[in-house]
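Sequences listed follow chains A and B, in order.
Numbering of the first sequence is given in my numbering, commencing with residue 1 and proceeding in unit increments.
Numbering of the second sequence is given in my numbering, commencing with residue 1 and proceeding in unit increments.
Simulated from the structure, these hints should not be mistaken for laboratory data.
Just so it is clear, the structure is predicted and the values come from calculations on it, not from any experiment.
Among the hints, a few may not be true.
Put simply, identical chains are the same to the list, so a pair is met inside one copy or across any two.
Restricting the straight-line Cα-Cα distance to at most 30 Å, the calculated cross-link-like pairs of lysine-lysine (DSS-like) are [said to hold, decoys possible]: (1) K491 / K582; (2) K582 / K481; (3) K827 / K806; (4) K316 / K827; (5) K577 / K792; (6) K582 / K784; (7) K491 / K418; (8) K339 / K386; (9) K827 / K491; (10) K810 / K827; (11) K719 / K792; (12) K719 / K797; (13) K184 / K607; (14) K429 / K577; (15) K719 / K806; (16) K479 / K646; (17) K817 / K797; (18) K577 / K784; (19) K70 / K184; (20) K393 / K582.
There are 2 protein chains.
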Amino acid sequence: MEKYVYLFSEGDTSMKGLLGGKGADLAEMTNIGLPVPQGMTITTKACLRFYDEGEKIWDSLRDEILQTLKKLEEIAGKKFAGKDDPLLVSVRSGAKISMPGMMDTVLNLGLNDETVVSLANKSNNPRFAYDSYRRFIQMFGDVVLSVDKDLFEDELEAMKERNGLAFDTELTAENLKELVGIFKAIVKDKKGIDFPQDPVEQLMLSVEAVFRSWNNNRAIVYRNLNDIPHDIGTAVNVQVMVFGNMGDDCSTGVAFSRNPATGENKLFGEFLINAQGEDVVAGIRTPQNIDELKNVMPEIYEQFAENCLKLEQHYKEMQDIEFTVENGKLYMLQTRSGKRTAAAALRIAVEMHREGLITKEEALMKMEPERLDQLLHPMFDEEDLKRATELGKGLAASPGAVGGQVYFYAEDAVKAAKEFGQQVVLVRKETSPEDIEGMTVAQGILTSRGGMTSHAAVVARGMGTACVAGCEVLNVYEKEKYFSVGDIVVKEGDFISLDGGTGKVYLGEIKTVSPTVSGDFEVLMGWADEVRTMRVRTNADTPRDAQQAIDFGAEGIGLCRTEHMFFDETRISAVRKMILAKDVAAREAALNEILPMQKEDFKGIFKVMKGLPVTIRLLDPPLHEFLPHTEAEIRELADSMGVDFKTLNERVSGLQEFNPMLGHRGCRLAVTYPEIAVMQTSAIIEAALEVKKEDGYNVVPEIMIPLIGVFEEMTYVKKHIVETADRLIQNSGIQMDYLVGTMIEIPRAALLSDEIAEEADFFSFGTNDLTQMTYGFSRDDANKFIWEYLDKGIFEKDPFTTIDQKGVGKLMDMSVKLGRSTRPDLKIGICGEHGGEPASVEFCHNIGLNYVSCSPFRVPIARLAAARAKIKENM
Amino acid sequence: MEKYVYLFSEGDTSMKGLLGGKGADLAEMTNIGLPVPQGMTITTKACLRFYDEGEKIWDSLRDEILQTLKKLEEIAGKKFAGKDDPLLVSVRSGAKISMPGMMDTVLNLGLNDETVVSLANKSNNPRFAYDSYRRFIQMFGDVVLSVDKDLFEDELEAMKERNGLAFDTELTAENLKELVGIFKAIVKDKKGIDFPQDPVEQLMLSVEAVFRSWNNNRAIVYRNLNDIPHDIGTAVNVQVMVFGNMGDDCSTGVAFSRNPATGENKLFGEFLINAQGEDVVAGIRTPQNIDELKNVMPEIYEQFAENCLKLEQHYKEMQDIEFTVENGKLYMLQTRSGKRTAAAALRIAVEMHREGLITKEEALMKMEPERLDQLLHPMFDEEDLKRATELGKGLAASPGAVGGQVYFYAEDAVKAAKEFGQQVVLVRKETSPEDIEGMTVAQGILTSRGGMTSHAAVVARGMGTACVAGCEVLNVYEKEKYFSVGDIVVKEGDFISLDGGTGKVYLGEIKTVSPTVSGDFEVLMGWADEVRTMRVRTNADTPRDAQQAIDFGAEGIGLCRTEHMFFDETRISAVRKMILAKDVAAREAALNEILPMQKEDFKGIFKVMKGLPVTIRLLDPPLHEFLPHTEAEIRELADSMGVDFKTLNERVSGLQEFNPMLGHRGCRLAVTYPEIAVMQTSAIIEAALEVKKEDGYNVVPEIMIPLIGVFEEMTYVKKHIVETADRLIQNSGIQMDYLVGTMIEIPRAALLSDEIAEEADFFSFGTNDLTQMTYGFSRDDANKFIWEYLDKGIFEKDPFTTIDQKGVGKLMDMSVKLGRSTRPDLKIGICGEHGGEPASVEFCHNIGLNYVSCSPFRVPIARLAAARAKIKENM
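My request is simple: use the sequences and hints to build the entire structure.
In structure tokens:
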């Protein structure tokens, strides 16, 4: 016969499906010998049968509950409806998956007109007894009998008013006793029945009510929202009530087994003598530090500390524990994994391993990679933050809490920072590569348009600068040098603050707290490096970024973009001449001006990287990005180039595109203007040869062709690269290797990776573009509707933040398999923004990538995520 | 022992690999008993061994050639170096795959100082004999001895000059005899040898030279370009020379077995008495109609006609035949399948079946579907065309040869056409949906930007209007109302002509020839319909287009776009109100204004379609396409809406997108504004119900959701459609079915088709967008570099014209298989522009599509292509 009712001592933590989460946890605590108020769990299967039986407790279940109740009475040493010390119980729901607040609870069950008197006597506290009774009637009335709970509340208010009282706590025992009478009258009036006096009847009705609450409206909505099945039912826990407010040998409290702010291995918490759990939270009385318990109840404290240690040892995790002392006896009410700051998480993980409690792998699994971010960036002072005026919320594009004076043009920002030493925040509708210098000097960057992978966001992350992108409530008037949010106007020079970790923007200045990285950080990172098999590289375009990434443990550069270098003031004019050249000869002349500069760029990077691999991507963006847009700028350029305005203007507008993202860029530039690829190859190879000669580093440059979609593009561009590189190497008389590979960022390249791998030494997934093409929306434009997609549950997560494993990931997996089918040793990495996002890093590990590459500040996150992926693989 | 030399009578057409194409064809003609000048073929295997033997004819091959030569002398009744009637031969290359002009040929071999005299006597024409001899020396000198051929040409010129002659033909026998001496002296001078007098030596040297020419430079380049293997070698054909210029009992001519212009089953051709083949082409003498041969050489004519019939019967194909009559004896020199006009091809195919010569299937395989276009559109008069000034060449976007007066704005075009009855050509940089009325009245449409699937191209094909798109040499100044090409300026009102079948644009007016569709067209189409298993639908947005398509045999509408309807003057203001609405209520109010109009649109279409399936796509383009762009227009709209300019302007610019193709469009509109989908569903369902009631047609509307990429988009939008439709149907009391399906045009939708098919009643491939996303370039922007891709051989064909089977096709195939894995009866079609392109139609058949849908004028092409695909499947 199916067993429907379990004593806590009959279950364990593995039985969550049958006993629900709460029931299984209480059973587990019981089993490890902790003093848990005992009870029984009526199973989820009983709940399901309850519905089959027409929402009634059937006879045999009733019998089983009563039999188990008998055992409970024995264990507790109290009796239901007992004259002396009556057994009171709570009745609570508890599904397999926690649904906090969604279903019903009844406390103090077992009280009636007689037992309330016993309780008053036993506790020597009639006020407590009648307060407990009126609460029970109120809860039972609401939950079991469906009496409008406002009726009770109204009477409670009326009672206070009649007696000129402000708080519930001021009500006397007499007031409460009177209220019990009034409450019972309400039940009689509304339901036509006397309030049930038989505790067994109370119990059966309450169990039925909790079973029914599984299908109340809010529970159904909650399950729909959280993808919880509707057919698993809830268990019901009937647990002996204990009271911390029966006298001065009672108390109640909450404690963490370690300090949740710092991670120090020392009990941390608060308690109150003669109080209920809710009093600790309510703030009416000031709780005492848990250390004080040592003085007040030394034995209890020792026992509690021992239990905490036992729980930590059992769960191998810092615990958040609720306890109550009833008449000098300690009860452990609840324990769960404790929430903690990032710093605490780090320290706890490292120390628990040192204490021999957990393995290195378990330590690594305790630290969420994403939380490392908090350790590396400044944060706002919490008190100061509470007083700040929030202007709006955009995308949390690059973490860090910063403030500064607002500037709308890069040149103004540069001037303010360099000439006047101001802290500046660059505010723009969107940034473009022309703004790069202003972005470099800014403390923070704020844009009103663009997504997580817009120019502003990508560059800011690369530089480790705080950035909030796509803050659409801002109306930015760049020319007029102000922005507005509703009625608030912020002008050039005004101070604002922004938190790139939350996306929030504030008016004025807010104090910040600097990050402090402890030695534990390096220790944990060291363990991560021991464990992981996937390499971590960085996306860096400058020696400065490269050095930053090296300091964070990067093992190479996975993406060195070459276009930012083109915007430098000293070379943009040569770049423009190159773009606007009428023929190959003129274009080559302009390229020859750029060549020595590009070579110096690469030398700088090769020197910092000291022989670590460096992947350099050939020019990617559409050429019109390098050209001026306004008539005045075009006139100026025409003058400086000595051509007439009309011709130049036609040429400039001829380069405009309908959809720049889908236009003439990437390897398409190299196909139409192979001279550019040749110049860049020359710069890379010459730089590598010179660094090899000058510094002796074994540089093996990796030349990466962007946006390949067609095999013949690959062969065409590669031919130009190889001819150039081989000639230069041969002429140098130095022996040097180099690789030629491709981005995989066009769906077609993923589909035909077998073919493409025949010509590619390596693949690097450009998941920004691959996501755009696979979904058919651009990251910048999607920003307008992606919120609604997230709101309506169409997207669980923003696919530009975490890889869409089902769609984009399917293409990636296909590409890896196809690529290695023709070139088994194909080196494959990822250099899209996803390379530093933990779930994506795990996915990359799982499909067999050799490395991920991410912005310098995300390198530690990627290292940890890669280690955790490896650990999970072995689990 | 390997046989290396075959008499023509020993081979047949199946031996092309061994004998080469020409050798096998000559053998085949010999075998069916035609009077072919006999000869021998030295095999391709001999060629390969020739290279193994160090580029020498080895002894046993020499022996085999000599033995076969003996047989040839017997057959020809002439002897090499014969005194009386010497045997002369030609030596020609002939590979398996024809490589016209790439390898070498020697004619008149066998002539020497003695045989030239015999020939002069025999032909009674010394001039002919010496001319033949000097040609032989010249060719042999060039091909075999590598003497610079200019040396011979220079002497020829000098001889004419000395004698005051203008043409070669004016040279006398004496002149030519002298030239022979000079030519031999050149050989002696340059090579230090006497010109070889032994015909056998001449032959061996010539065979070696032809073998060597297999690996000359131009042959290698040609094979590289045409993907012909380098290791198959060439055969050498040694054939008896016949001469049509030895007297008045000689003649030469060319004829088609049927009329290549009309297809009439009657010999068609020309001949010349006493002439060489080249004389017929050269135009110095006017050839006579082949009918005349009946009078001049009645027996020869009869024999020739009989041979032609025999060849047609043998090849089951209209033949293009060369013949020569030498001294009263007919020789058939060459036969091949004859080129013909589209009209002729159609008539020949139909009549050949009627004559019992071929099956219906064979008839269908004779008609290239693409050629049907020529039968349905006017063409330019050829003579008139020769005199026209070509302005430039763009994309052949929609066929038809037309002319008219130039207008740059739709409204000007409408005025000119309606008020002044002008023929107009609308010229714009690019068209947009606002131009629709101007496009409707225009004879032709010309744009300077945009690709084969730009707005102009798509709409023009839909309407059957001629269109040249993306003619980039044009500088269009719309505001100034003129365009320029180099120095030529064309102003509003000037006349131009354009051919949408070739993409060419001309200055001024050119006469056109109207198409005449014969009854044969319907007959062949009928056969196609009997054979094909794939359905053919049309893309049509109006009752007019729908009727046009029905007339062309469409079996339903595969794509009815709903956005063009939104641009109608009477409703654009309601549409704009809807777009700019501040809240759902205001949006619904505006939609309620549009609803009755949309309903009428659909009723019109349902009535024309009389119960045939109609697939209606919900609103697809980004909303900003419906808004005004200039400040003046925005001010006007602001006034008419009673809002202030600034607010409206901000709203309009807020809707602008970086990449409209990748923006807020398709089902993304329905997700953010479900009201729009609800309104459109109401219009569709109400229209269907009313037509069902009024006309009794069994309308089963197919509602198609565009741009699905995520399963949850599908469920979300479908829910709104189904709720709306079910409510309306239930309220109507009428029983009606409807389908809800999706476009597959986003790569992710293809990748996850199994999931999406669970919610979709049908799929329709939107291969325009699918191609864009899979390649990662937009059709409009790709136009800038796609030419270079075609030039450089990176693309074989424009993927927007014919489906990229390897990449895009792989996704389609995957989608079909995945979709039917969860819904085996899933109906799948295609409604992209590719649906009317024969190779794409064949691909669609092969991957198991149920139908293709294309613009009305391409329906016949698709019907024929579908039939041919089915036939090929069974071959």
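Exercise. Taking 30 Å as the upper bound on the Cα-Cα distance, should K577 and K792 be classified as within, between, both, or neither?
Worked result: Answer is between; shortest inter-copy Cα gap is 25 Å, intra-copy 49 Å.
Exercise. From the Cα coordinates, with 30 Å as the cut-off, is the pair K429 and K577 best called within, between, both, or neither?
Worked result: Result: close both inside a copy and across copies, 28 Å intra and 27 Å inter.
Problem set entry | K577 and K784: within-copy, between-copy, both or neither at 30 Å Cα | For K577 and K784, only the inter-copy Cα distance (20 Å) is at most 30 Å; the intra-copy one is 36 Å.
Exercise. How would you classify K184 and K607 at a CA-CA limit of 30 Å: within, between, both, or neither?
Worked result: neither (85 Å within a copy, 72 Å between copies)
For this session: Have a look at K827 and K491 and pick one of within, between, both or neither, based on CA distance no larger than 30 Å.
Result: neither (51 Å within a copy, 60 Å between copies)
Exercise. Taking 30 Å as the upper bound on the Cα-Cα distance, should K339 and K386 be classified as within, between, both, or neither?
Worked result: This pair counts as within: shortest intra-copy Cα distance 21 Å, inter-copy 86 Å.
Exercise. Within a copy, between copies, both or neither: where do K817 and K797 come within 30 Å Cα-Cα?
Worked result: both (26 Å within a copy, 28 Å between copies)
Exercise. With identical chains treated as interchangeable, where does the CA-CA distance between K719 and K797 reach 30 Å or less: within a copy, between copies, both, or neither?
Worked result: between (41 Å within a copy, 22 Å between copies)
Problem set entry | Intra- versus inter-copy proximity for K806 and K827 (alpha-carbon distance at most 30 Å) | both (23 Å within a copy, 25 Å between copies)
For this session: State whether the alpha carbon distance between K582 and K481 is at most 30 Å within one copy, between copies, both, or neither.
Result: between (38 Å within a copy, 28 Å between copies)
Exercise. Quick one: K491 to K582, C-alpha cut-off 30 Å, is that within a copy, between copies, both, or neither?
Worked result: between (44 Å within a copy, 28 Å between copies)
Exercise. Is it within a copy, between copies, both, or neither that the alpha carbon of K810 lies no farther than 30 Å from that of K827?
Worked result: Answer is both; intra-copy 19 Å and inter-copy 25 Å each pass.
Checked against the numbered hints above, the structure violates hints 4, 9 and 13; every other hint is satisfied.
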